[in-house]
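A.B. asks: Taken in sequence, the protein lines are chains Y and U.
Under the working numbering, the residue at position 152 of the first sequence is numbered 152, and the numbers go up by one with no gaps.
Under the working numbering, the residue at position 137 of the second sequence is numbered 137, and the numbers go up by one with no gaps.
Calculated directly from the structure, the hints in this document are not laboratory data.
Each hint can be trusted.
If the Cβ cut is set under 7 Å, some of the chain U residues that face chain Y in the computed set are:
(1) H47
(2) L49
(3) K167
(4) P390
(5) M391
(6) R393
(7) I394
(8) A397
(9) G407
(10) E409
(11) G540
(12) N542
(13) L544
Taking lysine to aspartate or glutamate pairs in the EDC-like style, the calculated list, with each CA pair at most 16 Å apart, reads:
(14) Y:K472 - Y:E577
(15) Y:K111 - Y:E52
(16) Y:K111 - U:E409
(17) U:K462 - U:E473
(18) U:K136 - U:D114
(19) Y:K554 - U:E52
(20) U:K472 - U:D572
(21) U:K51 - Y:E550
(22) U:K554 - Y:E52
(23) Y:K287 - Y:E314
(24) U:K51 - U:D114
(25) U:K12 - U:D115
(26) Y:K287 - Y:D310
(27) Y:K51 - U:E409
(28) U:K26 - U:D2
(29) Y:K287 - Y:E311
(30) U:K51 - Y:E409
(31) Y:K51 - U:E550
(32) U:K218 - U:D506
(33) U:K12 - U:D114
(34) Y:K554 - Y:E267
(35) U:K51 - U:E41
(36) U:K111 - Y:E409
(37) Y:K26 - Y:D520
Calculated from the model, a selection of chain U residues having no Cβ within reach of chain Y, i.e. all distances over 10 Å:
(38) G14
(39) A16
(40) E19
All residues carry an ideal CB built from backbone N, CA and C; glycine is no exception.
Number of protein chains: 2
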Amino acid sequence: MDKILRIDMGAKGGPAYIEEPMGDYKGLAGRALTSAIIAREVPPRCHPLGKENKLVMAPGLLSGSAADMSGRISFGFKSPLTGGIKESNAGGSVSRILARLGYAAIILEGKPGDDSTYKITISKSGLRIEVDNNLKMLGNYELVGKAVENLHRNMACVSIGPVGEMKMSVASIACTDIELDPTRHAGRGGGGAVMGSKGVKIIILDGTGTRSIVAQDKDRFANAAQAFATSLKEHPVTGTNFPRYGTSVMVEIVNEAGAFPTRYFSEGRFEGADRIDAFSLSELELKRGGTPTHGCHVGCIVRCSGVFNDESGEYITKQPEYETLWAHGANCGIDNLDAIAQLDMLDDDYGIDTIEMGNAVAVAMAAGLADFGDADRAIELVEEVGKGTPMGRILGAGTAIAAKILGVENAPVVKGQALPAYDPRVMQGVGVTYATSPMGADHTAGFAFGSAVGPGGKIEQKTLDELVALSKEMQTRITALDATGLCLFTNSPIFSQEDTFKQMLDLINSLYGWKLTREDFMQMGRNTLREEREFNKAAGFNHLDDRLPEFFSKIPLSPHNVTFQISDQTLDDLFKE
Amino acid sequence: MDKILRIDMGAKGGPAYIEEPMGDYKGLAGRALTSAIIAREVPPRCHPLGKENKLVMAPGLLSGSAADMSGRISFGFKSPLTGGIKESNAGGSVSRILARLGYAAIILEGKPGDDSTYKITISKSGLRIEVDNNLKMLGNYELVGKAVENLHRNMACVSIGPVGEMKMSVASIACTDIELDPTRHAGRGGGGAVMGSKGVKIIILDGTGTRSIVAQDKDRFANAAQAFATSLKEHPVTGTNFPRYGTSVMVEIVNEAGAFPTRYFSEGRFEGADRIDAFSLSELELKRGGTPTHGCHVGCIVRCSGVFNDESGEYITKQPEYETLWAHGANCGIDNLDAIAQLDMLDDDYGIDTIEMGNAVAVAMAAGLADFGDADRAIELVEEVGKGTPMGRILGAGTAIAAKILGVENAPVVKGQALPAYDPRVMQGVGVTYATSPMGADHTAGFAFGSAVGPGGKIEQKTLDELVALSKEMQTRITALDATGLCLFTNSPIFSQEDTFKQMLDLINSLYGWKLTREDFMQMGRNTLREEREFNKAAGFNHLDDRLPEFFSKIPLSPHNVTFQISDQTLDDLFKE
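Let the hints inform the model, and build the full structure from the sequences given.
C.D. replies: Given below as structure tokens:
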């Protein structure tokens with residue numbers, strides 16, 4: 001993992017590539033690397049779908065090693081959805097195989113002169129860039145089968161569906177999982193559209209003949225890896241809650257808190273929540289021969305995923321995540337798991353971010369184009385996106401633009417990106433993260449819980465000041481963590497248990513022969529956040545972009561009748577230096 | 001003209017109104033008044049279609065008096081197209097009658113709770129606000145006939161077509177002309193959508209029993225009025241060029257200069273220009289019993305308009321303006337006057353800004369949805385906007401969003417508003433105005449010619465520095481002029497002839513008993529511009545919004561192969577204080 005592969009899709013005479021040493025990027029990985037490359041190499045004012053934008057994919061510091069939970073792959077680009085810098089990461093096998101192939105990053109640059117469809121294959125023996133127009137407009141599932149002969153477990157694909165080819169802002173980048181299904185998506189920000197603008201339909205990584213990255217200090221690494229795994233297994237979040245039910249365990253918790261945005265953020269509790277929660281989901285999955293417990297990559301301890309089959313036991317999709325259960329479920333008034341699974345499958349196949357898509361469908365419902373709760377119509381609308389009809393293009397442009405075009409006044413977006421499944425009127429700390437993250441509204445950018453409303457109606461366990469500080473701290477931590485390749489869910493044990501943090505540092509230090517301290521680690525997070533914010537500023541953002549939409553401060557959310565309370569000044573001060 | 005009429009469409013128990021004295025707004029009129037009201041009363045971050053936005057209409061200082069050329073009516077609002085402050089003005093009879101009714105401004109505020117369609121009638125005997133749902137979705141032509149019984153020459157209507165009701169950002173506000181046809185549009189910025197959001201379909205002004213505003217110093221006013229009229233008649237622009245052919249006279253001039261944006265700004269000269277120029281247009285109009293010389297309001301000397309009939313001599317539309325000949329013509333590769341007239345008529349009837357619409361159709365052509373030059377398809381696309389189909393809503397959202405949704409990389413917009421018919425790569429001074437005007441790209445915001453390329457290919461008669469200074473000077477002048485109600489075309493004689501300027505000041509001073517100096521007049525322009533820029537800043541704009549799209553600096557325009565040369569720093573310095 002000591003070289004960068006640059007692929008210039010716009011080179012004269014056709015796509016060309018070059019391998020480079022890390023140079024100034026030495027020591028960076030994952031989000032720290034993707035954001036550094038975008039911030040330093042991409043003109044902030046360029047068109048996100050133009051030749052000046054770049055698509056960077058980078059494994060984390062621990063990816064490709066024997067460390068558990070290290071399978072996240074970061075994608076960086078200037079976002080067609082937000083107009084700012086973006087890092088969006090995914091699980092699956094991509095990160096591990098790319099790291100084992102020796103690449104710290106692949107950078108797709110330039111833009112082909114024609115509309116040929118390219119397939120790129122990378123293996124130990126080299127790189128092949130081919131035109132394959134037979135792949136045009138294929139869904140991700142069919143694509144993976146058709147593009148790759150003799151697909152095997154030491155391979156991984158990065159691909160886009162037709163929505164990425166059509167360059168819509170809801171387009172995701174799909175990564176294959178252990179079973180070689182394209183179910184792991186870097187969803188947010190329209191990375192799929194950027195990949196589409198480069199003419200690249202699929203990148204096939206063949207890890208044949210590669211081995212786990214060997215640590216500089218093998219014994220210390222082996223000890224740290226074992227201790228780290230034990231820590232995760234013993235922690236309630238990574239050892240018990242998520243392994244049992246996956247992320248769907250959040251449905252009951254957030255709904256009970258009254259923070260589960262229902263019918264386009266008009267209520268905080270969904271009367272159908274118990275029909276789409278972890279218990280209903282796992283019961284249904286087990287009954288049909290699926291499973292509620294499944295890892296997305298080799299070395300996963302948390303195993304938060306699952307398999308969702310239809311009534312006859314046929315595979316439909318990976319288990320819908322909490323965000324998908326919400327976006328296509330409660331947010332659209334839909335309480336039917338089969339419909340949600342169908343929407344999830346369509347999103348994966350077309351190559352669509354489920355959060356942005358669910359919000360856009362809810363916009364259509366708010367505009368009167370469908371009734372809340374009408375699952376058949378929701379499926380039709382997503383199919384329109386996949387087919388690129390005019391209505392599909394309106395919704396495929398994302399929530400903010402769909403709301404503008406369809407005449408819906410209140411759009412739940414920050415920096416053009418739709419909010420995830422935690423209403424900031426109850427989860428005030430998450431609201432601070434939504435408002436101030438350089439990524440736009442993003443729950444993974446810095447969980448700042450502690451504001452849940454308990455059954456007694458008590459709104460805050462933490463004070464607002466504490467939540468504001470927590471948002472900043474969590475944004476910094478998560479940004480640093482996004483450089484490691486470690487799954488987001490390791491953040492609980494790592495940041496709440498001193499030992500686990502040390503084990504993580506031990507893993508990195510023994511792998512590379514470094515002497516990274518806790519402070520160095522946190523500084524890496526701060527550096528990346530600063531670089532991202534500076535890019536956004538140069539792209540045209542100012543302090544007024546660090547705001548939630550006004551209606552969160554004005555329209556109270558039932559059942560607790562609360563509004564977002566954090567002042568503009570507080571938001572402005574958060575990252576002031 | 002000493003009172004303000006506030007109509008609160010969202011009042012409890014139904015719309016209500018109140019008459020107020022001018023208060024702090026005393027001495028302001030036209031754009032100076034609309035911008036002051038918007039800047040001081042509308043929250044800059046509010047949703048343009050929400051209850052906090054206001055729609056202000058204000059006659060100019062000289063409107064309603066016996067001064068010639070004083071018939072412009074200003075509309076002010078926060079723009080759904082740009083997100084900033086907007087003033088958009090129109091000719092016709094509205095300004096004169098409103099002023100004679102004694103109103104310095106009408107302010108539409110609030111938002112009705114239901115979707116009733118309102119008709120407002122204002123006469124000497126009072127105001128009537130009625131629900132009339134039979135008017136829903138009527139085109140402006142049918143609307144005017146149906147809404148008003150016994151329409152007569154001392155009446156005027158302000159109305160929106162279906163596109164305003166559907167709250168699309170291309171929606172214009174229509175004003176009736178002398179013949180009571182709804183042909184005079186405040187086109188730019190989506191004012192029609194704001195009026196639609198207030199539930200108001202038509203405002204009928206009945207001037208029965210009113211008289212011309214009487215000057216404080218009658219004799220001095222009469223003398224000034226006569227001298228002013230003589231000055232205009234003797235000046236080549238207002239006395240000869242425009243009266244003979246109307247604004248279409250610009251087609252040949254700008255095309256010859258190589259600044260006539262052709263096929264979505266890809267070339268600077270249109271091979272079909274001579275089929276849509278002033279000579280072809282006037283010849284066709286005369287042959288069919290129309291006319292190339294016609295005034296839009298009582299007291300018009302310039303008479304730049306005309307009447308366009310079909311082959312059988314039936315009225316089709318007012319004479320298409322230069323901007324319309326370009327937007328629906330050269331910009332879409334269409335050289336057929338009948339098709340352009342048809343598009344113009346559709347725009348007027350649906351209530352659409354021809355500049356924004358022509359650019360949006362060109363986007364569709366650039367995206368491959370129609371061939372450049374395909375007039376039938378262009379007409380179909382505009383009909384889709386009028387009907388509100390999904391494709392119509394994409395185009396009806398304006399050029400910037402249509403380009404984003406349809407995957408067209410280069411959008412000719414500033415602050416979200418499409419460029420008019422002068423390519424800034426040749427007309428560098430106009431480019432400075434496009435970039436820096438608080439209105440977004442707007443040719444009327446400050447003509448800064450002098451950069452025309454002559455037949456020999458010489459690009460600049462003025463230096464770039466002179467053009468930059470000229471843009472600032474012209475923006476200030478025109479902003480001041482927009483407060484008077486005088487037609488834009490009086491700017492040539494007024495600002496190039498000391499006597500004419502004095503006559504204009506004489507008119508104002510003798511009308512009101514004021515002692516306005518030249519410096520006071522220019523200061524009024526500066527004050528308004530400052531207030532507008534401050535509103536935009538508070539709305540979220542920064543210096544990066546004062547830019548032309550990058551492609552004007554990067555892609556040379558044929559035939560002279562020139563790019564926009566003005567530096568970002570120069571643009572930033574222009575209004576620095």
